[in-house]
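Asks: Sequence:
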Amino acid sequence: MYPFAERLKSDRLTIIAECKKGSPSAGVLRADYNAKSIAKVYSDSGASAISVLTDRDYFFGSLSDLSEVATSVALPVIRKDFIIDESQIEEAYAYGASAILLIVRILDQKRLGELFQFAKGKGLGVLVETHNREEVERCLSLGIDVIGINTRDLDTFTIHPELVEELAPLVPKTKVCVAESGIQGPEDFFQYQSKVDSVLIGTYFMKQADIASAFSGLLNKSLI
1 MYPFAERLKS DRLTIIAECK KGSPSAGVLR ADYNAKSIAK VYSDSGASAI
51 SVLTDRDYFF GSLSDLSEVA TSVALPVIRK DFIIDESQIE EAYAYGASAI
101 LLIVRILDQK RLGELFQFAK GKGLGVLVET HNREEVERCL SLGIDVIGIN
151 TRDLDTFTIH PELVEELAPL VPKTKVCVAE SGIQGPEDFF QYQSKVDSVL
201 IGTYFMKQAD IASAFSGLLN KSLI
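Take the sequence shown: its position 102, counting from 1, is numbered 102 in my numbering, and each next residue is one higher.
Note that these hints are calculated values from the structure, not bench results.
Since the model is a prediction, treat every value here as computed from it, not as a measurement.
We put the beta carbon where it would ideally sit given N, CA and C, even for glycine.
Certain hints may be false.
[Said to hold, decoys possible] Derived DEER-like restraints, expressed as beta-carbon distance ranges:
{"hint": "1", "residue 1": "Lys-122", "residue 2": "Ser-43", "range": "19 to 25 Å"}
{"hint": "2", "residue 1": "Glu-187", "residue 2": "Ala-26", "range": "17 to 23 Å"}
{"hint": "3", "residue 1": "Val-41", "residue 2": "Asn-132", "range": "30 to 36 Å"}
{"hint": "4", "residue 1": "Arg-133", "residue 2": "Lys-207", "range": "30 to 36 Å"}
{"hint": "5", "residue 1": "Gly-113", "residue 2": "Lys-9", "range": "20 to 26 Å"}
{"hint": "6", "residue 1": "Pro-3", "residue 2": "Ser-37", "range": "21 to 27 Å"}
{"hint": "7", "residue 1": "Asn-220", "residue 2": "Gln-109", "range": "37 to 43 Å"}
{"hint": "8", "residue 1": "Arg-133", "residue 2": "Lys-173", "range": "15 to 21 Å"}
Construct the complete structure from the given sequences, taking the supplied hints into account.
Replies: Put into structure tokens, the structure is as follows:
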């Protein structure tokens, strides 16, 4: 298991905190968005890793955001984008990422395996996003260590929290299971205790006037 994966394993539910200026479903989430400043708050608040949106067209991100975050925190930093080519992995590495996101639904099995191995060869961790049983099984057949379950349907943007209940048991305990999307507060966060290893949270934090306080509220709930 790569250090990135190990960082997400703990005796408590860990958080991958996301720097995310906006999204296709919500538009701009934070007018005063500054990825570097937000990442420092995340780091000080107890994040286990930081995800940075670099897609410009749909999420208003940039590679500059990735570079600024990577040089300002001592945490694993994930490039989150629609990665379909090795050149994008080279970019991630050059701009300081320690991990990348791959999305199963946009890659055939051969390409998924090629990109996974290429990233590993660069020393990068890989979070692979799934949305159904078949996609989880595709990840397992390739020996992928960190498997994300995106509860958001990318076609309709609808959240299906029950997907975690359905798919998480398919992921062996020797791997890392990450819940993605749909966290609206402490109660949502708490429901994933004992079901997954980590939760990726972006929109919820971006909507908070005081991110540090919101972060503390989640961690305190997880300790109850």
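Asks: Each hint should be assessed against the structure and marked as holding or not.
Replies: Hints, one by one, checked against the model:
For the hinted restraint 19 to 25 Å between Lys-122 and Ser-43, the CB-CB distance of approximately 23 Å keeps it satisfied. Here the CB-CB span from Glu-187 to Ala-26 is close to 20 Å, well matched to the stated 17 to 23 Å. Between Val-41 and Asn-132, the C-beta spacing of about 34 Å keeps the proposed range 30 to 36 Å intact. The hinted window of 30 to 36 Å between Arg-133 and Lys-207 holds, with their beta carbons roughly 32 Å apart.
Taking 20 to 26 Å as the suggested C-beta distance range, the pair Gly-113 and Lys-9 conforms, at roughly 24 Å. Pro-3 and Ser-37 have their C-beta atoms about 26 Å apart, which keeps the hinted 21 to 27 Å range intact. For Asn-220 and Gln-109, the Cβ-Cβ distance of about 42 Å falls inside the hinted range of 37 to 43 Å, so the restraint holds. Separation of Arg-133 from Lys-173 is about 18 Å and conforms to the stated range, judged on CB atoms against 15 to 21 Å.
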